[in-house]
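**Q** Based on the sequences and whatever the hints tell you, model everything.
These protein sequences, in sequence, are chains A and B. First residue of the first sequence? That's 136 in our numbering, and the numbers climb one at a time after it. First residue of the second sequence? That's 411 in our numbering, and the numbers climb one at a time after it.
One thing to keep in mind: the hints can contain errors.
[Unchecked claim] Below, a list of computed lysine-lysine pairs in the DSS-like style, where the Cα atoms sit at most 25 Å apart:
(1) B:K646 <-> B:K612
(2) A:K137 <-> B:K646
(3) A:K236 <-> B:K565
(4) A:K433 <-> A:K257
(5) B:K543 <-> A:K257
(6) B:K565 <-> A:K171
(7) B:K568 <-> A:K171
(8) B:K568 <-> A:K199
[What the hints assert, rightly or not] In silico contact screen, one side only, chain A against chain B (beta carbon under 7 Å); selected entries:
(9) L151
(10) A159
(11) S211
(12) S345
Rather than coming from a laboratory, the hints here were simulated on the basis of the structure. Quantities reported herein were computed from a predicted structural model and do not represent experimental measurements. Beta carbons are placed, not taken as given, at the ideal position from N, Cα and C, and that holds for glycine.
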Amino acid sequence: MKKTTLFILAFIFIILCYFTFTSAVSVFESDWELPKPIKERESQYRLVLITQDIDTPFWNQVGKAAQEEAEKFGVSLEVWGNYGNHHEDFLKNLEIAIQSKVDGIIVQGLDSEEFKELTRVKASFYGIPIITIANDVPIEESLRRTYVGSNQYEAGQLIAKQLIADMGEKGDVVLMYNQDVEYYQEQRLTGIEDIFYLYPEIKMHHAKTSYAREDVVGATQNILNMVPETDAFIAVNANIVGAMVREIGKRYQTEPFYIYSFDDGPESIPLLEKGLLDGLVKQSPEQMGKESVAAMLKWLNGETVPLHADGYLTEIHIVKADGEK
Amino acid sequence: MSKIQKKIWTVSAILLVIMSAIWIVLTYYNNKTLNQYNGILERYLSMNEVTTASQRVINALNDYMLNPSLDNFEEIEMSKRFVQQAKNDVHQLRNIDNDFTLTNYIHLVDSFIESTDRFILFYSENELEASTKEFAEATSISNHISDMTLTLIEKELKTYDKFYIGMINQSSELKELGIWIILLIAFILLIASYLFSRSITKPVLELTKAANELSKGRFDRQVKVDTNDEIAFLAKTFDHMRKNINKLFIETKHKARLEHELQQNQILLQESQFRSLQNQINPHFLFNTLNTISKKAYLEGAQETSDLLVHIAGILRYNLKQMDRSVTLKEEVDVLKQYVEIQKARLTDRLDFEIGIDESCLKQLIPPLTLQPLIENAIIHAIEPREDGGKIWVRIYNGMNQVTIEIEDDGVGMDPKKIEQVLQEQYEPTEGHSTGIGFSNVVKRLRLFYGVEDTVRIESVLGSYTKVVLNLPKLRGKEHDTGLNRG
Chain A
136 MKKTTLFILA
146 FIFIILCYFT
156 FTSAVSVFES
166 DWELPKPIKE
176 RESQYRLVLI
186 TQDIDTPFWN
196 QVGKAAQEEA
206 EKFGVSLEVW
216 GNYGNHHEDF
226 LKNLEIAIQS
236 KVDGIIVQGL
246 DSEEFKELTR
256 VKASFYGIPI
266 ITIANDVPIE
276 ESLRRTYVGS
286 NQYEAGQLIA
296 KQLIADMGEK
306 GDVVLMYNQD
316 VEYYQEQRLT
326 GIEDIFYLYP
336 EIKMHHAKTS
346 YAREDVVGAT
356 QNILNMVPET
366 DAFIAVNANI
376 VGAMVREIGK
386 RYQTEPFYIY
396 SFDDGPESIP
406 LLEKGLLDGL
416 VKQSPEQMGK
426 ESVAAMLKWL
436 NGETVPLHAD
446 GYLTEIHIVK
456 ADGEK
Chain B
411 MSKIQKKIWT
421 VSAILLVIMS
431 AIWIVLTYYN
441 NKTLNQYNGI
451 LERYLSMNEV
461 TTASQRVINA
471 LNDYMLNPSL
481 DNFEEIEMSK
491 RFVQQAKNDV
501 HQLRNIDNDF
511 TLTNYIHLVD
521 SFIESTDRFI
531 LFYSENELEA
541 STKEFAEATS
551 ISNHISDMTL
561 TLIEKELKTY
571 DKFYIGMINQ
581 SSELKELGIW
591 IILLIAFILL
601 IASYLFSRSI
611 TKPVLELTKA
621 ANELSKGRFD
631 RQVKVDTNDE
641 IAFLAKTFDH
651 MRKNINKLFI
661 ETKHKARLEH
671 ELQQNQILLQ
681 ESQFRSLQNQ
691 INPHFLFNTL
701 NTISKKAYLE
711 GAQETSDLLV
721 HIAGILRYNL
731 KQMDRSVTLK
741 EEVDVLKQYV
751 EIQKARLTDR
761 LDFEIGIDES
771 CLKQLIPPLT
781 LQPLIENAII
791 HAIEPREDGG
801 KIWVRIYNGM
811 NQVTIEIEDD
821 GVGMDPKKIE
831 QVLQEQYEPT
841 EGHSTGIGFS
851 NVVKRLRLFY
861 GVEDTVRIES
871 VLGSYTKVVL
881 NLPKLRGKEH
891 DTGLNRG
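**A** Laid out in structure tokens, this is it:
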């Protein structure tokens, strides 16, 4: 009896000790470290990559490549962006970057007065170099240091040539693009038109729209009503391609149309993978990201002054739905 | 300090120390957590301070534009200093996570201040358009500052999210630890207080048990308590008391026995006194008559008869003496001789009596009527039954510490059972004795008188002899007045 009691008491004691000890250990060992404060100002370049669209496959690749390149050279780089092509936010980001006196800005070009004002006047005032990426704005208007990205004129030509190769030298082609004047869009358009002018039997129909989804739907319906016999669609601005394809899919089987676009829209690549697009111009986002950072560093370090005014052009090629190039 | 008090003090002190240690640790951790919370909050506050300060500058600029007084100008300067101060504060907050944004932020503040300076410059030079533009610029930067503050705080929240979770976890773990510690301490306390109280009550219980035993009259069980506090001391004292009581008790018992014996002695004495009183009138009369007859016999020429009568009178007189006083051996022997003369007259030559006395021991004190009953006994049992008579020897020696008296006869002897009975003082055949005093009475009186048990020894062989040996411890008195005649 006495032995049993003693045993039970000892057992309880050991259990209590064990739990107290483990509890104490977990209390005293829980480590949550605060981020280390930096005492010394580490002098390294601060670069900002500003895009109009974030979280799209195209821009993610650009951003990632740029980050890697920046890390390689030991400079800090942040990717800023906004959702859904919101110009006001984009311009605000640019303004903040300028007023924050970053060492260099790599920016997706926007062909608007405000943009040009910021790059030409404000950035120059603060002495901040600007490189455009993917979409260019003419150097005369933006005073950009250089451009890194595809040759949009060639891209237009490429897509037009591919269409002719697929469709033949005769037919109706709808060209759909944003109603706002954008330099890169214009260049693509010029490229396409320059090819199509060579084939008189190809008829071009222009359809302009805004970025708003209902506008795109409306414009698509409109053009389909006006030109029901059309053979092909080219979405010159990749941002509208999603809504456009969906609207066409509502009316027809997409099969009878040749639908082409570019890869820098948020929905371009998924649509191609589903086979809803017949082909698109694939640019090289990684190359852009990498080269833009490299070019900016060359400028900042004074290795190449001035930078190539025409820009550093990156590769483009056609990708077709079945994977052919 | 007494030991029990010391025990209590020790237990309390240990408890106090443990409690304070726990309290200190918990307080320390609580404080630490609070400080960390405070630190984080201060970061937010100092970030927010920049926004507030920049807005104040804008307000001041606006006031100055509307009313370019010196006061308003000073207000601009002062609010600018606030902005600078806030900027410096924020500068301290840089860490790996927010380095980029915070650097931008600081530069933004710099731009803001530069823009403000330009505004003042343009304004003082009356370039209205330029100053208005700078004001717009400053306002836009101020807005950007507040936007960026929000971004920064958001970033801080993200950075410290893990930290918060860790802190919350820790506080919940601390709570858990508290519960476990309370349980552990409660357990230890219960056990300790049980042991402690037992260490006090167990000896008390033992003591109570011992007291109970004692009250029941059992004095022989030792009181033993194996602790080293006051209770043990109490137990030791108690045990001492028990021993004393025991000793007293034994002594009292002994005394009571002695008293009892004394009382018995008294009763015996009274008995014999009563008898002698009973016989007093007769003996006195008889004594006087005997004396008269003796004289008459003498006058009539019966010499022998006269002598016999004198002897009888002598014995009678001796018999009539107070029985409670001692006599000397000499007196006793004299009476014995007279008695033997009488018996000789009765038994003529059947009785052969021989006496040997060491004269040096005649002063030995002895109870009266000791030898006479023994001789009478010998005559009754050894001489009278035999037709041809017998012999009786009486020898008195002086020993080292004692006087030995031997009374021997050559009669039929005694069987051992009878000897045993006599020595046990149980055999009392009083009939036939002239004095009414038997053997057992003698034995009893001798033992009482000398206070020694082995005064009487009987040797006997059936049909051969009987020998009574009295070993009397030496007890000398003054010469007794043998001539006192109280009859």
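**Q** Each hint needs a verdict: does it hold in this structure or not?
**A** Verification of the hints:
Between K646 (chain B) and K612 (chain B) the alpha-carbon distance is near 15 Å, which keeps this suggested pair within the 25 Å criterion. For the hint pairing K137 (chain A) with K646 (chain B), the CA-to-CA distance comes to about 30 Å; that exceeds 25 Å, so the pair is violated. With a CA separation close to 20 Å, the supplied pair K236 (chain A) and K565 (chain B) stays within the 25 Å bound. Restraint check for K433 (chain A) and K257 (chain A): the C-alpha separation of about 22 Å stays at or below 25 Å, so the hint holds.
Among the hinted pairs, K543 (chain B) with K257 (chain A) is consistent with the structure: their alpha-carbon atoms are about 12 Å apart, no more than 25 Å. For the hint linking K565 (chain B) to K171 (chain A), the alpha-carbon distance of about 15 Å falls within 25 Å, and the restraint holds. Only pairs whose Cα atoms come within 25 Å are accepted, and K568 (chain B) paired with K171 (chain A) is accepted, the gap being roughly 15 Å. At roughly 21 Å between alpha-carbon atoms, K568 (chain B) and K199 (chain A) fall within 25 Å of each other, so this suggested pair holds.
For L151 (chain A), the interface hint holds, since its Cβ comes within 7 Å of a Cβ in chain B; the closest pair sits about 4 Å apart. Against a cut-off of 7 Å between C-beta atoms, the interface hint on A159 (chain A) holds, since the closest Cβ of chain B lies about 6 Å away. Interface restraint check for S211 (chain A): the shortest CB-CB distance to chain B comes to about 5 Å, inside 7 Å, so the restraint holds. Because the beta carbon of S345 (chain A) sits about 27 Å from the nearest beta carbon in chain B, more than 7 Å, this interface hint is broken.
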